[in-house]
Amino acid sequence: MLPPFTQRFDDQVEQDLARWHVRGASFAVVNGDEVHTKGYGFARLDPQKVVGPDTLFYAVSTTKAHLCAAWAFYINQMQTSRSSKPEFLGTRHSRISSRVTLEDAVSPRTGVSPQDTSYGYNGTSTTWGVTRKRRHSPLHTPLRSHFGYSNTPFILASCALEAVVAVEPLAQCLGEVLWDPLGMTQTYGGYYEAAKALSDRGQALAKSYTWSQLLLDGSAETSHLVEEPHQENEEVAGAGYIISTVLARSFYYWTSYTTVVDEVWRPRSIAPAGGDDYLPFDLYGCTDLAGTCPPTWDDTKVYWHTGGVTDAGSYILLCPTIRFGVAYFANGQDTSSKIRGLAMELLDIALCIQQTLAEQYYTALERLYPGAPGKPTVPLALPVAAYAGAYHNVGYGTLMITATKHNDEGGALEAKLSERSWKVAMCLTRVNGEHWLGTRPYMNSPRKIAIKARSEIGADGKIESFHMVMEPG
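Residues 140 to 612 (our numbering) are what the sequence shown spells out, left to right.
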């Protein structure tokens with residue numbers, strides 16, 4: 140494996156954290172048996188405490204994947220069914236209640252509305268309170284008809300786990316079923332449990348910060364960081380209250396549950412396109428029993444889940460087929476989406492995508508012109524300057540070619556397509572005779588691609604046409 144935390148990656152992290160006013164982030168990368176962790180920035184500002192791999196962060200909605208992992212272990216050990224129907228998963232509609240299963244809850248496709256704004260009101264400050272109030276709520280959509288991501292179905296599923304394991308609260312239940320067997324000693328259920336452990340271990344719990352301009356209480360000139368108070372979030376215990384580190388033991392063993400229950404990855408629900416939240420993947424996938432979404436990236440299936448509250452964010456990315464995973468926690472708002480590209484950068488490094496693209500570029504001459512000499516042995520028919528001019532194609536319009544070097548032995552041309560959505564500037568260097576190698580950036584990215592080109596001389600001894608591959612691959 141290439142070292143994941145390169146200087147280029149470190150520089151990109153610093154730029155992204157500064158751009159989005161994020162104080163700190165912690166990353167973990169697992170590739171086979173190799174584990175790498177690194178912290179960036181600050182866990183708190185006053186007094187300053189740098190982020191380390193052992194810094195505790197809010198894992199927020201990636202809690203859902205922990206819950207699903209615990210259910211997977213329980214189902215596997217107890218030989219029970221994911222199609223079981225805990226009676227309190229139901230609604231006020233008795234006919235629907237008799238059909239709602241655990242699988243429906245964590246897919247999620249129960250038809251229940253999000254109800255986030257009801258949490259904390261009139262007895263809903265606990266998961267069981269939310270579950271009881273659920274009986275009074277109408278269905279948002281018919282059962283199993285729509286993908287409906289929200290906290291409530293996972294809250295119901297967490298109560299179901301407590302009931303079947305006969306252990307409360309959920310933190311103790313998850314500890315017994317998942318964390319303790321896997322040695323996840325630095326994962327806690329909520330702020331109070333984490334705070335108690337902190338006093339014993341001397342670890343740091345990252346303070347969370349928001350940027351006032353994004354909260355609409357400050358202008359660009361007076362914007363500033365706002366330190367937010369710690370939250371317990373007990374009412375969303377099964378959906379978003381875990382506090383953890385990205386240390387190898389916590390992260391690696393959590394991801395390893397995929398080897399225990401393969402069935403967990405089977406897709407259940409079609410997730411609709413959701414705009415930028417689903418980029419940069421090329422497939423709007425299905426959710427599965429792991430509480431994740433599995434699109435693909437460079438022909439590799441990727442399972443992911445985000446987590447976010449007002450002042451903290453998390454992201455988990457798993458590739459079971461290549462035994463690879465990335466997780467990060469950060470103490471700023473919207474970081475589950477704002478710095479998600481950093482996780483993809485680490486995946487690119489693991490898949491050697493950047494290295495492969497570079498190799499394709501640097502070996503382009505041998506690949507496109509096998510057997511060609513390193514230097515031209517057959518001269519051009521005309522002086523390099525004679526190849527300059529305007530060349531027209533019905534589909535692509537006019538290509539302007541200018542001579543950049545007038546040394547006939549090493550002459551080069553520049554070809555430009557202007558007034559296009561993506562302007563093209565291509566360098567054409569001689570290969571041999573009338574054969575050329577064209578190189579240009581891919582759209583506006585640093586990536587470069589290479590193409591074949593050939594000039595043709597007419598019977599009158601003048602340049603007649605240029606043939607080139609405009610769409611490589």
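Hints are supplied without guarantee of correctness; some may be wrong.
EDC-like, lysine to aspartate or glutamate: derived pairs with alpha carbons at most 16 Å apart [claimed, not checked]: (1) Lys587 - Glu558; (2) Lys177 - Asp193; (3) Lys272 - Asp255; (4) Lys346 - Glu371.
These are computed hints drawn from the structure, not numbers from a lab.
Hints versus structure:
| no. | hint | result |
| --- | --- | --- |
| 1 | Lys587 - Glu558 | violated, 21 Å |
| 2 | Lys177 - Asp193 | holds, 9 Å |
| 3 | Lys272 - Asp255 | holds, 12 Å |
| 4 | Lys346 - Glu371 | holds, 14 Å |
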